[in-house]
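Using the sequences and the hints, build the whole thing.
One letter stands for each residue in the lines below.
4 protein chains.
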Amino acid sequence: MASTIENTKRAVVALKSIQNTDDLIDRIRHQQEPTPTPTPLEHAHSLEGVEKRRAFLRKISNQQLDYLTPSTSPENLNQLEGNIENFIGLTQIPTGVIGRLRIIGSAAKGDFYIPLATSEGALVASYHRGAKACLLSGGATSICLIEGVQRSPLFKFDNIADLGSFLIWVLDRLEKFREITAQTSRFARLLEMKTNIEGNHLILTFEYSTGDAAGQNMVTICTDVICKYMIEHAPVKPLMWFIEGNYSGDKKATLLSFTNVRGKKVTTEIRLSSEVIQNVLKTSPEAMAEYWRSSTIGAIQSGAIGAQGHYANGLAALFLATGQDVACISEAAVGITRMELTDCGGLYVSVTLPNLMIGTVGGGTSLPTQKECLQLMDCYGPGKAKKLAEICGALVLAGEISIAAALSAGHFSEAHQKFGRKK
Amino acid sequence: MASTIENTKRAVVALKSIQNTDDLIDRIRHQQEPTPTPTPLEHAHSLEGVEKRRAFLRKISNQQLDYLTPSTSPENLNQLEGNIENFIGLTQIPTGVIGRLRIIGSAAKGDFYIPLATSEGALVASYHRGAKACLLSGGATSICLIEGVQRSPLFKFDNIADLGSFLIWVLDRLEKFREITAQTSRFARLLEMKTNIEGNHLILTFEYSTGDAAGQNMVTICTDVICKYMIEHAPVKPLMWFIEGNYSGDKKATLLSFTNVRGKKVTTEIRLSSEVIQNVLKTSPEAMAEYWRSSTIGAIQSGAIGAQGHYANGLAALFLATGQDVACISEAAVGITRMELTDCGGLYVSVTLPNLMIGTVGGGTSLPTQKECLQLMDCYGPGKAKKLAEICGALVLAGEISIAAALSAGHFSEAHQKFGRKK
Amino acid sequence: MASTIENTKRAVVALKSIQNTDDLIDRIRHQQEPTPTPTPLEHAHSLEGVEKRRAFLRKISNQQLDYLTPSTSPENLNQLEGNIENFIGLTQIPTGVIGRLRIIGSAAKGDFYIPLATSEGALVASYHRGAKACLLSGGATSICLIEGVQRSPLFKFDNIADLGSFLIWVLDRLEKFREITAQTSRFARLLEMKTNIEGNHLILTFEYSTGDAAGQNMVTICTDVICKYMIEHAPVKPLMWFIEGNYSGDKKATLLSFTNVRGKKVTTEIRLSSEVIQNVLKTSPEAMAEYWRSSTIGAIQSGAIGAQGHYANGLAALFLATGQDVACISEAAVGITRMELTDCGGLYVSVTLPNLMIGTVGGGTSLPTQKECLQLMDCYGPGKAKKLAEICGALVLAGEISIAAALSAGHFSEAHQKFGRKK
Amino acid sequence: MASTIENTKRAVVALKSIQNTDDLIDRIRHQQEPTPTPTPLEHAHSLEGVEKRRAFLRKISNQQLDYLTPSTSPENLNQLEGNIENFIGLTQIPTGVIGRLRIIGSAAKGDFYIPLATSEGALVASYHRGAKACLLSGGATSICLIEGVQRSPLFKFDNIADLGSFLIWVLDRLEKFREITAQTSRFARLLEMKTNIEGNHLILTFEYSTGDAAGQNMVTICTDVICKYMIEHAPVKPLMWFIEGNYSGDKKATLLSFTNVRGKKVTTEIRLSSEVIQNVLKTSPEAMAEYWRSSTIGAIQSGAIGAQGHYANGLAALFLATGQDVACISEAAVGITRMELTDCGGLYVSVTLPNLMIGTVGGGTSLPTQKECLQLMDCYGPGKAKKLAEICGALVLAGEISIAAALSAGHFSEAHQKFGRKK
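Protein chains in written order, with the working numbering: chain A, 19 to 441; chain B, 19 to 441; chain C, 19 to 441; chain D, 19 to 441.
These aren't lab readings, by the way, just hints derived from the structure by calculation.
Mixed in with the good hints, there may be bad ones.
Remember, identical chains collapse to one label, so a pair may be satisfied in a single copy or spanning two.
Taking lysine-lysine pairs in the DSS-like style, the calculated list, with each CA pair at most 27 Å apart, reads [unchecked claim]:
| id | residue 1 | residue 2 |
| --- | --- | --- |
| 1 | K34 | K255 |
| 2 | K194 | K27 |
| 3 | K77 | K174 |
| 4 | K27 | K255 |
| 5 | K174 | K34 |
| 6 | K246 | K300 |
| 7 | K194 | K255 |
| 8 | K246 | K27 |
| 9 | K246 | K174 |
| 10 | K77 | K255 |
| 11 | K246 | K194 |
| 12 | K300 | K436 |
| 13 | K194 | K174 |
| 14 | K300 | K255 |
| 15 | K389 | K34 |
| 16 | K174 | K255 |
| 17 | K436 | K246 |
| 18 | K246 | K34 |
Structure, rendered in structure tokens:
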């Protein structure tokens, strides 16, 4: 609980440094008067706007920005519309490939080479090793089970009785909300509406399917139109309302994961033979099963949501390479890994990811390198989102296998010494 | 709890598609015999290795990979060592800038322009707006309070009595472990060792300071040497041990956040005047305070860890631009936001981030664009990590202010329609 | 995280004491040979059985057991059947009363005197004070919103495909399961079946209404019959199955609370006037609202489920007095308290309890004192469970008001000094 | 997430019933004017006061209260001081006994008969069976590892800089706080002070040892004196402060459990032989290990804190019988159960309870039946609290063994049909 005296004393050093900040504040204030900020949003994607911003930054930072270049022709700048404001250049992330990873899915069928963008040494090598173990074991079964993206507007009433009147009116209008959704978006379909009453607060959770887009904007816009319709027509009005009550789990790990889908839910399994575990992973099924049992108890005691090793590593790298919203790693990197000895001396491994917010259209998927990476897996465009989800499941499975093997065999530290350090 | 009948019926469609997978499996197996995978780790960073992999991918995917180019001279390929394996090119992420953001910190003092890499429209514009509100309110106080990175090896014994004998021996050797740490790493310093006993499981948590590196590899390597020393010398040995018992919180959101530091803990605060809130944020202090109260209750009910809006957005974008480990968003994007009316009619806002895993040396910080982005903020190299942490705090504060304003004023949906969509 | 060195050293003392337990173990073993235990379950409720056990305990403990008497006539012993085994006497718990507490509910309407059994000084006085504040503010609105009790059997299959085949078969048989339920229990009604797939694990959650009984046994028995029917008739069988996969939340706090009902969900609200807060509670609305805001952030940081003060106190005392299953306090004492200033200078307070496992028939409700306490509130027997739930909500509200007042005014310590100590 | 439409429609019935409550409210108000409540706190423990309250309740409820009698002589009423207010009688709870349970602990050594007060059929029988399995396996090792009880006052400042000044002053005064503690209480000893900074909020957690008392009142009173000293002497004052910031985990399940002790932390283990499992528990080690693995995953998905079966059942029954604070079940019933096959074909089982708030002096321990039950185990009075804690661990172990056996063997439903129903 909290930090001990010794730790706190270290904090005090920093706290002391702001005890007499009056001087500092005065100095900052006088030197630099608050003025309209010089990085205007206007002309966001014109060559002129970009150059103006870059010139300004060069001047104030005394740097050339040689690498962080737009590296794209003027006409291509327009492509960035909808993806970035105040554009100044392109961050470049090293990208490797793993595979082939064999997948037996409902949408992903066959062998895949998977691009991973990361600057963390050993990550690609580790997932690659896991993929090899999967391939040699006949492939992973990976199923995208269900889909749904939510917005959870919150309505505040004078009292519970008013809340009740509003809710009674709302409950009869689900079909109307479905119509509104259909009129507002070509892709969104309203699946369900759920209610949560807490005192005079009503949260309505609208759950949509969003086609092959990740869909957060789509569901925001549809829900906004639905809410405005409610506010206009309901006989009893809320005192106030917000389009999101911080209840949908957007951009954060929550325990809704296991009682609900968010984005796509995928479950993936494999049986590894004892030989593959010995030859490829350099450990034994028993050691891996033991590690899983022990580490699951560790995870529970740490207060983690779910129990898994490092979903975040593989997912972040794939999300980056393929133009997904990397901030969604906060919610996507939650799940359950399971490892158990099989009757015939091998190892059963499964991963379950209930929160995959991904898409193959929209977002960053059309950006140049991102589109290429999606195409490497034949995952670009409409009709491919479930396939990408099943690939995510198999990728994460490969990663869990590899890290559990390394940790159970005592190779974890060596791998990081070998791949994770500059020589 | 779980999915309802209707949802489940949708899952059944996917499940049915794998009911008769025997054919599929046979077909995959016969077409493509498991062979050594063709993406060799050898020559990882030679031009020859890269070209071999790219040629192979071009062939199998029938694509040119025009954008995902190495775009770096042969000699620079070596720079990638320690960052990537199976390298095939550079993923390019649109990067914008916000600012100036005024910070009154213990290490970060002054006005900052902050680069953000993202493909999510509206993100940069929203953080920029928050930064403007902060600037016009005199700047944010941001303090990096404490630091510490952990490894939590798990030791399993025959019984509790054996565990006790081992622990008694270990407790007297903290100084020895400090020596080992000093001999193993130039930067790591062993701060503390904590114990957790659960039946015959002993978890020892070693907490280090890691200089200006994020430090996960460093603490892994030091802990490995310490553990091997224990195993060699302790009078009673564990039956088995693992370098990490999945208890340190590495790459996942855990509740340890609020009882412990992981990486760096930063707290940041500001008082926004009513005028700034009205002019810049187009809402009122009352509406923002009300939104915060309501949405905090929403977050609690969702089973989130902490209560905040969208730390993940700003942090992921800054982590990407500056070569941090983006997978750490899973742990870093946890914290507490607070908004309260002040006596004089303004709004007090604070954010607290207990889990910032960041560095200004090592990892991806020396990669070309990443280094430039760090230099934009004078945050590259030794002695800068606390400064970067305090910038993270202020950035996140700006983002929380902006989203809470949008949600309380009903502008959230419009902003995403304006910035987040292709025209 | 875990305990620090200093704490651990204290643990070592205990650990040392079992280092040489061989002697101890030998001694225990030789003195007392494992024999059939002398507290037979047979004749559980015969006078002879009771006296035999009491005589035995008197002998081995050298005590008279004067107070822990059966204090009930021989014929009444049979009443205990279904409530206790190995009966030796009656534990006696001091019981007080609070009220009147005015409730405006859907089932509970009017003023109530509520019996509370506890040995914790200050508890009754504190709830009584809260009740008085509620009465003088016109009464609390308390609504029992929804009901449902779950069993969550877990089925384990060879692989996901087999799981799919089983699930497809199951999904078409909900009506059959409803029939089975109707044939198995007079009171249980199967409301819903939900599914959770995790690798080759399938959890089916059966949610029932259970009339006016708490209903855990009822839903266990019905689900058992349903599962046996499945196992007998399904074309694909699980490798194994368990009647409860530790997923229903039975006897533990879980985050399912806020996404689900367990037992009964009640929400209760009141508006306290500034005068009542000053006169009865000796504090101000502002101080209470401030305390609520601050303490909610404290609760979040502690990793609590929900955010409330001390639901456990009032609920445990009422559960005890009225023959409820007190172990269910672990799940029932979870919820959300909210306190906010009103426009007219008073305080809005609400409590929401999503997990009330209670009944007015079955369990301990027919035991002599328990029945009397239920009758005091006209809550004994069929048709009264919702009423009791709404009383629970109002009771908890009174308790939250009183403790928040004490903590905000600085009287908390004094109250415990006054009421909680022997003179 | 939240309830579905169908569930919600059920809620609407209740909500509708309060749509027109104006009449109801009027009626209640006019019939019964808010008057000083007729259950006065004065003369709390005089015979006259008790009889006055009982007479009043008899009249308004039209009941005799034959069973809920004081059943104690006038002079004994004084004994209740410090335990109850508004006393009206004694609730009577059926009490059984299990054992003998063999314990090899640091304080509890030998065979024990354990009294359990409950009205839940099958509970005593189930724990008794588990105790028998433990006895026949040579006894359970049970160790009370560490102790500590906390209060977490929260201080709110104008800004972080003020907070820093206050904290710097506080950190140098730990010895003074220890002195204050020693002057305030004979039993409390201040062990540690930890800090948690969140914006302008400072939480100081004071951790005490409390001798053989549970100690909540003791630590409240000591912390109150310390805080008042701070407020008087610190150079910078907080704007406001509260004796408890809802952060100590008092009366609620929190995730602090596994990173901290609260009350006493006990870990208990046993190795069950295959024969005992077959003969006593009617199942196999393999089935129990499999059940444990599956159900742990279930617990994780339910968002439970820790992973265990039904600690609440045994602990609530023992707490009741022995005069503990039953509301603390909310925190005590959290822990980790582990079951694993041993190399020699048996089963290793451990339980870990980090949050045992118990005492053998103070609270309800001196009440007549409670004292007798403590004496049955030689656990009454000073020097016995650790012993009682180790008994709690062994009791819980017996209960986990028995329920896991029942669930893995499919006997769970039958046991409840046999013991849990009136015939």
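Structure-based check of each hint:
no. : hint        : result
1   : K34 - K255  : between (51 Å within a copy, 16 Å between copies)
2   : K194 - K27  : between (60 Å within a copy, 17 Å between copies)
3   : K77 - K174  : neither (50 Å within a copy, 43 Å between copies)
4   : K27 - K255  : between (53 Å within a copy, 20 Å between copies)
5   : K174 - K34  : between (43 Å within a copy, 18 Å between copies)
6   : K246 - K300 : between (60 Å within a copy, 19 Å between copies)
7   : K194 - K255 : within (18 Å within a copy, 43 Å between copies)
8   : K246 - K27  : between (53 Å within a copy, 23 Å between copies)
9   : K246 - K174 : within (15 Å within a copy, 39 Å between copies)
10  : K77 - K255  : neither (54 Å within a copy, 45 Å between copies)
11  : K246 - K194 : within (13 Å within a copy, 43 Å between copies)
12  : K300 - K436 : within (16 Å within a copy, 52 Å between copies)
13  : K194 - K174 : within (22 Å within a copy, 42 Å between copies)
14  : K300 - K255 : between (65 Å within a copy, 23 Å between copies)
15  : K389 - K34  : neither (50 Å within a copy, 31 Å between copies)
16  : K174 - K255 : within (9 Å within a copy, 36 Å between copies)
17  : K436 - K246 : between (58 Å within a copy, 18 Å between copies)
18  : K246 - K34  : between (50 Å within a copy, 24 Å between copies)
In summary, the structure is inconsistent with hints 3, 10, 15 from the numbered list given earlier, while agreeing with the others.
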